[in-house]
Amino acid sequence: DAGVTQSPTHLIKTRGQQVTLRCSPKSGHDTVSWYQQALGQGPQFIFQYYEEEERQRGNFPDRFSGHQFPNYSSELNVNALLLGDSALYLCASSLVGFQETQYFGPGTRLLVL
Amino acid sequence: SQQGEEDPQALSIQEGENATMNCSYKTSINNLQWYRQNSGRGLVHLILIRSNEREKHSGRLRVTLDTSKKSSSLLITASRAADTASYFCATYNTNAGKSTFGDGTTLTVKP
Numbered sequence: 000d001a002g003v004t005q006s007p008t009h010l011i012k013t014r015g016q017q018v019t020l021r022c023s024p025k026s027g028h029d030t031v032s033w034y035q036q037a038l039g040q041g042p043q044f045i046f047q048y049y050e051e052e053e054r055q056r057g058n059f060p061d062r063f064s065g066h067q068f069p070n071y072s073s074e075l076n077v078n079a080l081l082l083g084d085s086a087l088y089l090c091a092s093s094l095v096g097f098q099e100t101q102y103f104g105p106g107t108r109l110l111v112l
Numbered sequence: 191s192q193q194g195e196e197d198p199q200a201l202s203i204q205e206g207e208n209a210t211m212n213c214s215y216k217t218s219i220n221n222l223q224w225y226r227q228n229s230g231r232g233l234v235h236l237i238l239i240r241s242n243e244r245e246k247h248s249g250r251l252r253v254t255l256d257t258s259k260k261s262s263s264l265l266i267t268a269s270r271a272a273d274t275a276s277y278f279c280a281t282y283n284t285n286a287g288k289s290t291f292g293d294g295t296t297l298t299v300k301p
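Chains as they are written, first to last, in my numbering: chain A, 0 to 112; chain B, 191 to 301.
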């Protein structure tokens, strides 16, 4: 039973560039949430996707956008990267109706120079 | 700002000792969860306690919840070096549809 997978594991970008991060949910899960974790802090909720639509959104600017595909996998896109976007980006999957129980992927570490 | 706040920020103990971490939160919750994170990797779910529960056990873990004080504690008994990690509490509110994390407690267990 495959768990949550994320790609790439590490990424280095420069300010102003755009980045796309990918997530495949745990088998059987249909809901994907994205979190940003800055160094030394807890994860902060970015948004959640279910049925290919954004259902919930945290306090993040429109530079952060996402997509969910029919196979439930998801992408996180960040435009016009800022130095402050450097963080570990975590994807979590769950089953609708049981969103409280989330399974996290290993994360993508993004460094913006 | 984050919903949950863990206390202490850092904790260092000897193997075999017990470790206690506390979490306070601000708004009403449906449940509270504790996670472990090793060296900036993904989070591992440890235990979930619902708002109508006061205490829950799982192996060497004991979690308490006091909704009147909006606080929770995680006790790890007979700690091991492998327990060295960051521990986070997360509150879940059904209406908000999301989990809100604190900034964590970094636990170091010395062999």
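Be aware that a few hints might be false.
[What the hints assert, rightly or not] Only pairs whose alpha carbons sit at most 20 Å apart, straight line, appear in this in silico SDA-like list of lysine to any residue: (1) K12(A) to L81(A); (2) K25(A) to R231(B); (3) K259(B) to R240(B); (4) K12(A) to V111(A); (5) K246(B) to R231(B); (6) K25(A) to I237(B); (7) K300(B) to R240(B); (8) K216(B) to S261(B); (9) K25(A) to R240(B); (10) K260(B) to D197(B); (11) K216(B) to G57(A); (12) K300(B) to T210(B); (13) K216(B) to K25(A); (14) K25(A) to L81(A); (15) K260(B) to V234(B); (16) K25(A) to G232(B); (17) K25(A) to R244(B); (18) K246(B) to E99(A); (19) K216(B) to L82(A); (20) K216(B) to S258(B); (21) K25(A) to L236(B); (22) K260(B) to E99(A); (23) K246(B) to N221(B); (24) K216(B) to L112(A); (25) K25(A) to V111(A); (26) K260(B) to G232(B); (27) K246(B) to S261(B); (28) K12(A) to N70(A); (29) K216(B) to N58(A); (30) K246(B) to N76(A); (31) K259(B) to K300(B); (32) K12(A) to F68(A); (33) K216(B) to V234(B).
Hints are computed from structural coordinates only; laboratory data are not their basis.
### Query
Hey, K25(A) versus G232(B), does the alpha-carbon distance stay inside 20 Å?
With Cα atoms ~14 Å apart, K25(A) and G232(B) stay inside 20 Å; holds.
### Straight-line alpha-carbon gap K25(A) to R244(B), limit 20 Å
Violated. K25(A) to R244(B) sits at ~30 Å, over the 20 Å cutoff.
### Task
Starting from K12(A), check that the Cα of V111(A) is at most 20 Å away, please.
5 Å, holds
### Message
Given the hinted pair K12(A) and F68(A), is their Cα-Cα distance within 20 Å?
### Response
Not OK: K12(A) and F68(A) at ~25 Å, beyond 20 Å, violated.
### Hinted pair K216(B) and N58(A), Cα distance within 20 Å
18 Å, holds
#### Entry: Given hint R231(B) paired with K246(B) - CA-CA distance at most 20 Å
26 Å, violated
### Message
With the threshold set at 20 Å, check whether the alpha-carbon distance from K259(B) to R240(B) stays at or below it.
### Response
The given pair, whose Cα atoms are some 15 Å apart, holds under the 20 Å limit.
### Task
Given the hint that K260(B) pairs with D197(B), test it: the Cα-Cα distance must not exceed 20 Å.
The hint holds at about 14 Å.
### Pair hint K216(B) and K25(A), alpha-carbon separation not exceeding 20 Å
31 Å, violated
### Message
Just to be careful, I want the Cα atoms of K25(A) and L236(B) compared with a cutoff of 20 Å; is the pair within it?
### Response
17 Å, holds
### Task
Could you grab the alpha-carbon distance between K216(B) and S261(B) and see if it respects the 20 Å cut-off?
9 Å, holds
### Message
Hint check: K25(A) vs R231(B), CA-CA at most 20 Å. Holds or violated?
### Response
The given pair, whose Cα atoms are some 17 Å apart, holds under the 20 Å limit.
In terms of the numbered hints stated before, the structure departs from hints 5, 7, 9, 13, 14, 15, 17, 19, 24, 25, 26, 28, 30, 31, 32 and 33, listed from lowest to highest.
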